Amino acid sequence: MKKLSFSFCVLFFSALLALGIASLALPGNTFSELENRTLKTASAVSSDVLGGRFQSDLEDAVSDQFLLRYGCVTLGTEIKYLSGRRDICGAYVCRGRLIRKVAESDVSYGEISAHAEKYARAADRAGIPLAAVVVPSASVVLRGELPYGAEVFDSDRATALISEAIPDTLDLRTAVAWDTDCFYRTDHHWTARGAYLAYRAWREYRGETPREIEEFSLETVTGDFYGSLYSKAPLGGIAPDTIEIPEIPDGVTVTADGKEIGVYDRGALSEKDKYKIFFGGNHGVLTIENPAAAGKGTLLVVKDSFANSLVPFLIGDHEKIVMIDERYATVDIASLATETGAGEIVIIKEGAFF
Amino acid sequence: MVFSSGVFLFLFLPTAVAAYHILPARARNLFLFAASLVFYAWEEPVYVAIMLFSTVFDYVNGRLLEKEGMKQRTRKLILVLSVTVNIGLLAFFKYTNFIIDTANGIFGVSVSLIRLSLPVGISFYTFQTLSYTVDVYRGKVRAQRNIIDFGMYICMFPQLIAGPIVRYADIEDRIKDRPRDPEDAAAGIFRFVCGLSKKVLIANQFGALWDDISARAGTLPAAAAWIGALAFAFQIYFDFSGYSDMAVGIGRVLGFRLPENFRYPYEATSVTDFWRRWHITLGVWFREYVYIPLGGNKKGLPRQIFNMLVVWALTGIWHGAGWNFLLWGLFFFVLLVIEKTFLLKLLKRAPAAVGRLWTLLAVLFSWTLFACDDTGLLLRYLSDLFGANGFFSPSVLYYLSSYGAVFAVAALFSTHFPKAVAERAVGRIKNRPAAFVIKAAAALIALALSIVFVVGDAYDPFLYFRF
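For the protein sequence lines, the chains are A and B, in the order given.
Sequential numbering of the first sequence, starting at 87, is according to our numbering.
Sequential numbering of the second sequence, starting at 1261, is according to our numbering.
These aren't lab readings, by the way, just hints derived from the structure by calculation.
Keep in mind it's a predicted model, so treat the numbers as computed, not measured.
A portion of the hints provided could be inaccurate.
[To be verified] With a straight-line cut-off of 20 Å between C-alpha atoms, the simulated SDA-like cross-links for lysine to any residue are:
(1) A:K88 - B:D1409
(2) B:K1558 - B:L1569
(3) B:K1436 - B:N1464
(4) B:K1690 - B:E1443
(5) A:K89 - B:K1699
(6) A:K89 - B:G1381
(7) A:K89 - B:A1278
(8) A:K88 - B:R1692
(9) A:K88 - B:N1691
(10) A:K89 - B:K1436
(11) A:K89 - B:D1409
(12) A:K88 - B:L1569
(13) A:K88 - B:G1381
(14) A:K88 - B:K1558
(15) A:K89 - B:L1569
(16) A:K89 - B:K1690
(17) B:K1354 - B:G1381
[What the hints assert, rightly or not] Taking CB as the label site, the calculated pair distances span:
(18) B:P1284 - A:R139: 32 to 40 Å
(19) B:P1654 - A:E301: 53 to 61 Å
(20) B:A1695 - A:A325: 28 to 36 Å
(21) A:R181 - B:R1609: 36 to 44 Å
Glycine is no exception: its CB is placed at the ideal position from the N, C-alpha and C atoms.
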């Protein structure tokens, strides 16, 4: 028994040490696409011991470079799921899909109100009309898909705060008959179908005739999209998504932060976050010009990433669309509106984080 | 370093254990002392100086107390000095801001808070050094002559930052000479893995649930609020007792026998019983060094109640510098006085289930006082517990279905049954290799699962903002 015990002790501690050393010594990744962040490597560990940087860096390096890291993450997620857990890392696990959990504590109603009022003042100063298209969170409109009793923030309250400051508000929650094909299974964004229905509702809200979906001749660009929610809860039972994109009229040019880009960045299809195919992701200020629609005026859009896949449906109807993403640039909306000669400001943002 | 971190598990622990056993016996205490300083400096590269000061200070006090020809009055003076300095350090770091904050509130002034963080583990090692000096003064233990050996006792890394509180008398016989028995070491590993699993497989899950529920305080139906309290109760038990198990386990690998800290507290049949099973080493400390010196129960009931008041107020604020902790301690004081004066007698006559139910309800309620360290949060949570927002909603079913299995596992492992069943299963082959192999395999599986969760929980999807 002594021999057996001794061998076990040696085995136990050498296995631990081997895992630690191998993780640090073997060449590892410097970037985690799944998590969208840089990973700490052993060579990047700071030497500042007194300030504690060395210690926290080494902690990060050991967990970031751990040999079986992704195996651990997926196995851990599966075990949690099997134990009955239905919200993992901020994603609700529903039948065959994930839906982002937006709890009451994730939403700041004060900020929603403050932002809406700020937009109203900006439009006032620029002297042009203002409208809001409030994008619904999937958990609000696909409530029937959520696990029974799952917490969802108060979207009535959020929408009321927005329309109080911006009377011309389109509440997409009710304006569209949402179904499960409107949102990706693995990502929190809406699909081409969801974005098209939002476009349609917006045109109808304005009393215009929307184009039919066939006119956009949607193209399937990938069937292998694992989105943001899948990164949070990588579960085997969830199939990858398909991304479709609408056709863009000829002659359209796009400038983002001074550089010329395309409406679609097909390079993103070889990356993990394939939703970046729309404009290559978010930009501070982005301008789309469509000479074919000359005379149809300039539209100023203040937006989040939901708008990236909605705006391509709008391009045909405006000579120029200027998109502002306030998370990526500090701009004075009123002066930009005047500078670009915008005839209208439309806010296209998710209600929960308006 | 915390025990459930990658650096500890994969680098520090195996290296320290291997080096310790390879070194010649006379170098081991020095090595353990040095390794413990590295372990401590990992979190507190600056505050390690305070711990070293306490070590040297109490070493000197111990030697002086035993010096021949020292007058009793001088000895008393040394003791008072030692207690004052040790408690003074603890009080300065732990309670200064609390006192300033309270004074600001009462007198309407605005003295600025000091910008100091609390040195990790100071509440634990202060109590250890105090026990030593007092015991040397009382002649219960001999003063340690070797400062390396003494430093090793104060700073020993397994129990340094979260206990158990090891009195010098507890391990005096193993300071110089420790047996090296592979069977003992293997048992230590089993214990360590058991503690690690409790922490990462169970406690952390409840951490997520408690965060979720407490974030909704003020809108919770009573059933959900009680589920939250239960989640916190399991979280703190599996976290703390898991940590103690790991400490005892590592201690055993190194040849120590550290005192036990928990004995299935949620099986207690009265609140009095609960406190004999929960954080045992702290209870023993307060009994030995506060309650009994104050006269204990030898000076009549009123004095006994006063002594209990002192002990429980101190126990409360030992856990944290906040009014809620004081309230928590006083809550137990009231319950214990009630039990002492009449309830205990009634409970003894009633079926054990009655006592268990009473204890569980009292303890569950106490955890909400403990967990809500913000007065506003506490008031909202308390009103939720008593139905200010109704009693039931679909979210209750959600919590139950999402966490029911974890609750069941936690409830089972809070009792002595799993251990009893396992012991019975291998009972007949107890001392044969087969029993060992089964245990070893179980430990390795539990370790693998724990690693999956340690690494998985450090996984950090960071989706929107990478500037």
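Cross-check of the supplied hints:
A C-alpha spacing of about 29 Å is found between K88 (chain A) and D1409 (chain B), which places the hinted pair above 20 Å, so the restraint is violated. Restraint check for K1558 (chain B) and L1569 (chain B): satisfied, since their Cα atoms lie roughly 16 Å apart, inside the 20 Å limit. As the CA atoms of K1436 (chain B) and N1464 (chain B) are separated by approximately 38 Å, the hinted pair breaks the 20 Å bound. For the hint linking K1690 (chain B) to E1443 (chain B), the alpha-carbon distance of about 13 Å falls within 20 Å, and the restraint holds.
Only pairs whose Cα atoms come within 20 Å are accepted, and K89 (chain A) paired with K1699 (chain B) is accepted, the gap being roughly 15 Å. The hinted pair formed by K89 (chain A) and G1381 (chain B) fails the criterion: a straight-line CA distance of about 37 Å is larger than 20 Å. Distance check on the hinted pair: K89 (chain A) and A1278 (chain B) sit about 17 Å apart at the alpha-carbon level, within 20 Å; holds. The straight-line distance between the Cα atoms of K88 (chain A) and R1692 (chain B) is roughly 11 Å, inside the 20 Å bound, and the hint therefore holds.
Restraint check: the Cα-Cα separation between K88 (chain A) and N1691 (chain B) comes to about 11 Å, which is no more than 20 Å; the hinted pair holds. A hinted pair counts as satisfied when its Cα atoms are at most 20 Å apart, and K89 (chain A) with K1436 (chain B) does not qualify at roughly 26 Å. Among the hinted pairs, K89 (chain A) with D1409 (chain B) is inconsistent with the structure: their alpha-carbon atoms are about 30 Å apart, more than 20 Å. For the hint linking K88 (chain A) to L1569 (chain B), the alpha-carbon distance of about 51 Å lies beyond 20 Å, and the restraint is violated.
The suggested pairing of K88 (chain A) with G1381 (chain B) is violated, with an alpha-carbon distance near 36 Å, which exceeds 20 Å. Restraint check for K88 (chain A) and K1558 (chain B): the C-alpha separation of about 50 Å exceeds 20 Å, so the hint is violated. This hinted pair does not check out: K89 (chain A) and L1569 (chain B) have alpha carbons roughly 53 Å apart, beyond 20 Å. At most 20 Å may separate the alpha-carbon atoms for a hinted pair to count; K89 (chain A) and K1690 (chain B) meet this at roughly 16 Å.
With a C-alpha separation of about 11 Å, the suggested pair K1354 (chain B) and G1381 (chain B) falls inside the 20 Å cut-off, and the hint holds. Range check, P1284 (chain B) to R139 (chain A): Cβ separation about 36 Å, and the 32 to 40 Å hint holds. Remark: the range hint 53 to 61 Å for P1654 (chain B) to E301 (chain A) is contradicted by a beta-carbon distance near 43 Å. In this structure the supplied range 28 to 36 Å is violated for A1695 (chain B) paired with A325 (chain A), their Cβ-Cβ distance being about 46 Å.
Evaluation of the 36 to 44 Å hint for R181 (chain A) and R1609 (chain B) yields a failure: the beta carbon distance comes to about 54 Å.
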